[in-house]
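Chemist: Chain residues, written in single-letter form:
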Amino acid sequence: MNEFIERNLRWLFPLPAVIFIVAMMAFPVIFTIGVSLTDWAMTTGGEPQFIGLKNYQDLLSDSRFYNAVWLTVYFTVLAVGVETVLGVGMALILNREFAGKDLAKGLLLLPMVATPVAIGLAWTLFYEPSIGLANYALQMLGLPASKWLASPNSVIPALAIVDIWQWTPMIALIVMAGLASLPQDPFEAAMVDGATPFQVFRFVTLPLLMPTILVAVILRGIDAFKTFDIILTMTAGGPGFASETLNIYAYNLGFGYFRFGMASTALVALLAVVLGGSLIVLWMRKRFDY
Amino acid sequence: MNRMNRFLVVLLVLGLMLSLAGCGGDKKEPAKSGDQKLAGKTIRVLMANHPYPEALKKLIPEFEKKTGAKVNLESYTEDQLTQKLTVEFTSGKSNVDVFMTRPLQEGRLFTKNKWYEPLNAQIEKSGDWDWKDFPKSTADAVTYSGSINSVPIVTEWQTLFYRKDLFEKAGLKPPTTLEELEAAAKKLHNPDAGMYGIVSRGQRANAVTQLSSYLYNFGGDWIKDGKAVVDTPEAIKAFEYYGRLLHDYGPPGVTNMHWPQAQALMASGKVAMWTDASTLLAGLIDPAKSQVADKIGIAQFPAGPKGNHPFLVVPWAMSVSAQSQQKDAAWEFLKWASSKEVMVKAQLAGNTTSRTSIWNDAEVVKKLYPGLADDFKKVGPIATPYDRPLMTAVVEARDAIGEVIVKSIESGGKADLADAAKKAAAKVDELLNKAGEGKK
Chain D
1 MNEFIERNLR
11 WLFPLPAVIF
21 IVAMMAFPVI
31 FTIGVSLTDW
41 AMTTGGEPQF
51 IGLKNYQDLL
61 SDSRFYNAVW
71 LTVYFTVLAV
81 GVETVLGVGM
91 ALILNREFAG
101 KDLAKGLLLL
111 PMVATPVAIG
121 LAWTLFYEPS
131 IGLANYALQM
141 LGLPASKWLA
151 SPNSVIPALA
161 IVDIWQWTPM
171 IALIVMAGLA
181 SLPQDPFEAA
191 MVDGATPFQV
201 FRFVTLPLLM
211 PTILVAVILR
221 GIDAFKTFDI
231 ILTMTAGGPG
241 FASETLNIYA
251 YNLGFGYFRF
261 GMASTALVAL
271 LAVVLGGSLI
281 VLWMRKRFDY
Chain W
1 MNRMNRFLVV
11 LLVLGLMLSL
21 AGCGGDKKEP
31 AKSGDQKLAG
41 KTIRVLMANH
51 PYPEALKKLI
61 PEFEKKTGAK
71 VNLESYTEDQ
81 LTQKLTVEFT
91 SGKSNVDVFM
101 TRPLQEGRLF
111 TKNKWYEPLN
121 AQIEKSGDWD
131 WKDFPKSTAD
141 AVTYSGSINS
151 VPIVTEWQTL
161 FYRKDLFEKA
171 GLKPPTTLEE
181 LEAAAKKLHN
191 PDAGMYGIVS
201 RGQRANAVTQ
211 LSSYLYNFGG
221 DWIKDGKAVV
231 DTPEAIKAFE
241 YYGRLLHDYG
251 PPGVTNMHWP
261 QAQALMASGK
271 VAMWTDASTL
281 LAGLIDPAKS
291 QVADKIGIAQ
301 FPAGPKGNHP
311 FLVVPWAMSV
321 SAQSQQKDAA
331 WEFLKWASSK
341 EVMVKAQLAG
351 NTTSRTSIWN
361 DAEVVKKLYP
371 GLADDFKKVG
381 PIATPYDRPL
391 MTAVVEARDA
401 IGEVIVKSIE
411 SGGKADLADA
421 AKKAAAKVDE
431 LLNKAGEGKK
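Chains D and W are the protein sequences, given in the same order. According to this note's numbering, the first sequence holds residues 1 to 290 in order. According to this note's numbering, the second sequence holds residues 1 to 440 in order.
Think of the hints as simulated: they come from the structure by calculation, not from any bench. Just so you know, even glycine gets a beta-carbon here, dropped at the ideal spot from N, CA and C. Please note that a few of the clues may not be correct.
As the list claims (entries may be wrong) - As a list, the in silico DSS-like pairs of lysine-lysine whose alpha-carbon atoms are at most 25 Å apart:
| id | chain 1 | residue 1 | chain 2 | residue 2 |
| --- | --- | --- | --- | --- |
| 1 | D | LYS226 | W | LYS84 |
| 2 | W | LYS186 | W | LYS173 |
| 3 | D | LYS54 | W | LYS427 |
| 4 | W | LYS434 | W | LYS224 |
| 5 | W | LYS439 | D | LYS54 |
| 6 | W | LYS65 | W | LYS335 |
| 7 | W | LYS187 | W | LYS335 |
| 8 | W | LYS57 | W | LYS70 |
| 9 | D | LYS54 | W | LYS434 |
| 10 | D | LYS54 | W | LYS423 |
| 11 | D | LYS54 | W | LYS112 |
| 12 | W | LYS378 | W | LYS132 |
| 13 | W | LYS423 | W | LYS295 |
Unchecked claim - Computed beta-carbon distance windows for the label pairs:
| id | chain 1 | residue 1 | chain 2 | residue 2 | range |
| --- | --- | --- | --- | --- | --- |
| 14 | D | ASP58 | W | LYS125 | 43 to 53 Å |
| 15 | W | LYS70 | D | ILE19 | 36 to 46 Å |
| 16 | D | ASP58 | W | THR77 | 44 to 54 Å |
| 17 | D | VAL77 | W | LYS224 | 41 to 51 Å |
| 18 | W | GLN80 | D | PHE13 | 42 to 52 Å |
| 19 | D | TYR56 | W | GLN80 | 28 to 38 Å |
Excised from the complex, chain W in its bound form (with noise of 0.2 Å):
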């Protein structure tokens, strides 16, 4: 490095911090709007990759400028964020402020370790913040003996997204039974030509959710008095149809699949149906990730041959921490965070948002996808509110029910499933127990 060199870049660094200084400099005189009541004070929040803190953290600017708050935000995927969460929550000296949550999912397993901060008084204070907003099924989705312990944000549903394009070319209409489900699947499903009729999830536990729907409609349920039912007559009826509509109509390797890989493959076009939770639709009808964003359908769910009850679920809902040191600051911005205001923004960039208004709001579902807002009020009716069995040791349970889906894939239905059901009916039954959730 000669002599020149050297001076052009010790000019560049002092150029560096000047123009750092200057922004230190900037941030000593915050603009003077709103009442700056949370100024000097730093919120941690944990959220998952989803859609709704996308939305989310394009206002976070515009929270700090008015309360004079700096949020910090991390981002984890889905188990990620519970293992984090847990992690931090077990060692007790957790610095979170406010996480967003699963309360179908570990909504059990947190309030038995008493780490999410009973929001009841907060909720009372806060008139037009408008607790009444929330249907009651979501309220009770978040409220454990009494006490509230999160705010639902995102509700979705089971629902049926199709190919417009191939249902008309086949003269076909959207289905609305189980029996014509897997009728349109089978004249649908050509793999020599790169199409398969159907999809939905086939990984282990994954699945169990999307089975649920199809659960239902047969007339089985996951636990009944404290004892689990995934053994009974209707529930293998529904097994055995899963397995077999996903083995003879399905794409091959959908054992190993979430709902990523569900999602990618209909919306490069190789699926004509695909049976999954609303809030997918987002990636479907985005042109820069779909190849067929103009060619989506979405149709309710289709009836078994006992009804009609799929699904209608707080998949996602935001808390405040138990172990947080500004637990005032922590319920301002999930106030905030889960205001109309924000909510309709975060509506309108894809997700399906949990508040009544919202979707009463002619303005608001003139803009969404056409089709979504009418099956969200078909299925609001008629809908059951959870997509899994509900006790504290889900995850193992789904794990042991996930086994029974996957054996039933592979053999098409054809396989011994009353067996494998009735272990994964003892499996569960030991975990209700052990959690005293059961009754023996």
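The shape of chain D in the complex, shown without the other chains (with noise of 0.2 Å):
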């Protein structure tokens, strides 16, 4: 017994950790893949049927599931890029010695510990068009009022706006790590050569600091692919079907009309969307070295 135990002592200590993970992470994984053939649904009634790969050819010409690409791509791409923009200038700002500045990195962190649902009701009342400060801040500074979450074009900038209050303080945190651990050799010689802030930041800390960028995007880009609370609570989709994203949409069709056959199917193409865009940035950062 000992001996068996010594032998395959390599294999014996990871193991639970393999359980772990099949049980947790890979079973999940492989049901719902095994639900996406199936014609499963509550309102057809009787046991579920093998149906192939019928339902992703309905979700291929489903124009509710391009709508929901669309707008998922939309507000990922626009929360983020805003995201990336400030939290590199945030993290530049805090990176220099200023009073205060425990006080605000410790204030960073606010909005990232609030829960969503809470996060999604305040803003809720805030972007309120007739009674909402949202409004009435954009009054005061002589803009013209918005309709925000109520209106199909500026729905999605509007929940952008939350993404962006919430997860730039995640970027900035990143970016500062990363500048902290930066090399001062480069600098001291551009300074030497006589280099401008500007130019500095431009062909020094930025080329620098690329790597450590692109993790945060990364992160940060996963993460926004699958926003769902928020936007469950501000929208649930709406108005009409102008914020329904690939997550609310795969819960409408799941938990609104129990289509588990289906909704498992969106969920696997929700998956593979995620795991390309990450293969894709991997592959992108070995083929330029960062």
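Two independent chains are provided; combine them into the complex using the hints.
Modeler: Quick look at the structure:
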């Protein structure tokens, strides 16, 4: 017995972890893929039947699916784009020494630790077109009132603003960590050569920071792509279907329409897109040697 | 922590334990009243966040005392309740005994999956509880091919709430036709002063039930002979009217409004009129929630070009779960929760309950908000007994139809609604056929 353990030590030690990962991660994914190949729906009654790739075919001919893909990409690119620019700027400011720096860093954490549903409810009130603060603020600045969440044109930017408010600090924190670990020599060399502060930023800081920024963008991008609670509490995909992202679409299919087969198909599609995106970014990282 | 403090803490903990033990001691000797026929049983009840269970909650200790049962009540929002029930019932191992259910929304879905315990035999045996006290239309709403699947508890109908003070000041009478409704909305609409003419639900699927009375009064319907008819000229006129009304005289952001938002606006004194279900009156006349609690009037829903047939429906009923392990105890609870005695208390707490005898009880009617019982009696004989398409995949159908409503509100009724309505009708047909309810 002892001998057996001794000989297989390198298998036995990771075994609990392997079992955990299979049970908690691999099984749900495989089960979801399995369900996506059936017509399981409570509305038709009866046992689920295996129908092969029919759900995928249906999904690809559904205009709501394309709408959802487009909205998801729109939301992610808009939110993460603005967050990256603001986050890097914030990190550069916080990288200098000034009074109250620690306090500022502490405040940064606040939006990130708030619960999404509470944030959603607070912002919904803020955006309320007739009694909310947002329009009051706009009018103080002499700008025309907006319908915010209630117009198909402004709903995605309005949701992106919430995401930006909540998650820009995360990018700032990651970039600050990156800044702290940069070597000092290139900066000194640039100074000696008489570079302007902008040139230092453009040709020294930014390239050196790029790997860190890229990591931040990937992490945030995957997260933004899957945003769920904020959108569900604030608009539930409305007005009409103007903010129905992939995740909300799958939720509606599953828990609204009780079409579990179709909902699983949409989730597999979501998984595929996220996985594909991550792989492309990883490949780019290698290709451009970041 | 010094020694003295530690001593105090130990003392405190001991004291708590003793007092808890004392509580336990009390429970061993329940009050000996009633026949205690459910002694030792625990009944699990799932309810929606709704005024009826609010009233019920206060009465449950009485039931527990009388029968010896213990009632575990869980509350969820409407959609969460459906999700929770669906997931539990799908697993096949649910220990839910009694649950609240929406016959029009999930009735067919739950019947198809055999999640309701038929109550016919139990109802036959319980003479003085009086099944005949429920109007035929409500009994029909919970009966599926002969099997009574639930007991109706609440009725509600489309009604018009209006601000008595504003109407008086403008010299207006409550509108009796949709034309007059639009004219009144126009007259009272003054957004610069923070006053909007009218509000009603505009959020996709949630708007569908509130459009229904408008639809019927324009001569339209959802489904006829197994085919969707939401694209007929009458239906399109209703879509146009509803969209124009809310676009021109409604508050901004109406396309994101469900009843809580509409109710909040009305209660904060920002809207002159609101068409919605009668049960929502409670939130408008509660001085704690409403700044205009004493200024609310109730009027009959206005007639349209094709007469007046607003909806009067059973939004909530109560059922015994087919998977319950103690169906007799569950039925005892349901019988009590839908007894006349309990319903009268619920009615006086602001509900509009479903027993005929209560609405005929002069003592009860006297205590209701002025106009409510009168409106109920006027609507009863002319009403339409459903407020959404009657089908299994009703959630998905509502989303498809709701898209047309949103489009109409956004464009003020001017978009190409015929095309949008045709698409919605095709979607509803597809859903009907998939569930075997259509006529190909």
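Chemist: If a hint holds in the structure, say so; if it does not, say that too.
Modeler: Verification of the supplied hints:
1. Simply put, LYS226(D) and LYS84(W) have alpha-carbon atoms about 23 Å apart, close enough for the 25 Å limit, and the pair holds.
2. Of the supplied pair hints, the one linking LYS186(W) and LYS173(W) holds, its CA atoms being roughly 14 Å apart against a limit of 25 Å.
3. Between LYS54(D) and LYS427(W) the alpha-carbon distance is near 18 Å, which keeps this suggested pair within the 25 Å criterion.
4. With a C-alpha separation of about 17 Å, the suggested pairing of LYS434(W) with LYS224(W) holds against the 25 Å cut-off.
5. Note on LYS439(W) and LYS54(D): the hinted pairing holds, with a Cα-Cα distance of about 24 Å set against a maximum of 25 Å.
6. Taking the CA atoms of LYS65(W) and LYS335(W), the gap is about 16 Å. The hint holds against a cut of 25 Å.
7. With a CA separation close to 50 Å, the supplied pair LYS187(W) and LYS335(W) exceeds the 25 Å bound.
8. Straight-line distance between C-alpha atoms of LYS57(W) and LYS70(W) comes to about 13 Å, which keeps the hinted pair within the 25 Å bound.
9. With a CA separation close to 15 Å, the supplied pair LYS54(D) and LYS434(W) stays within the 25 Å bound.
10. Of the supplied pair hints, the one linking LYS54(D) and LYS423(W) holds, its CA atoms being roughly 22 Å apart against a limit of 25 Å.
11. Taking the CA atoms of LYS54(D) and LYS112(W), the gap is near 24 Å; set against the 25 Å cutoff, the hint holds.
12. For the suggested pair LYS378(W) and LYS132(W), the alpha carbons sit about 21 Å apart, so the restraint of at most 25 Å is met.
13. At most 25 Å may separate the alpha-carbon atoms for a hinted pair to count; LYS423(W) and LYS295(W) exceed this at roughly 43 Å.
14. Evaluation of the 43 to 53 Å hint for ASP58(D) and LYS125(W) yields a pass: the beta carbon distance comes to about 48 Å.
15. For the hinted restraint 36 to 46 Å between LYS70(W) and ILE19(D), the CB-CB distance of approximately 39 Å keeps it satisfied.
16. In this structure the supplied range 44 to 54 Å is violated for ASP58(D) paired with THR77(W), their Cβ-Cβ distance being about 30 Å.
17. Distance hint check: the CB atoms of VAL77(D) and LYS224(W) are about 46 Å apart, consistent with the given range 41 to 51 Å.
18. In this structure the hint that GLN80(W) and PHE13(D) lie 42 to 52 Å apart at CB holds, the actual value being about 43 Å.
19. Separated by about 30 Å at the C-beta atoms, TYR56(D) and GLN80(W) satisfy the suggested range of 28 to 38 Å.
Consistency with the previously given hints fails for numbers 7, 13, 16, ordered from lowest to highest.
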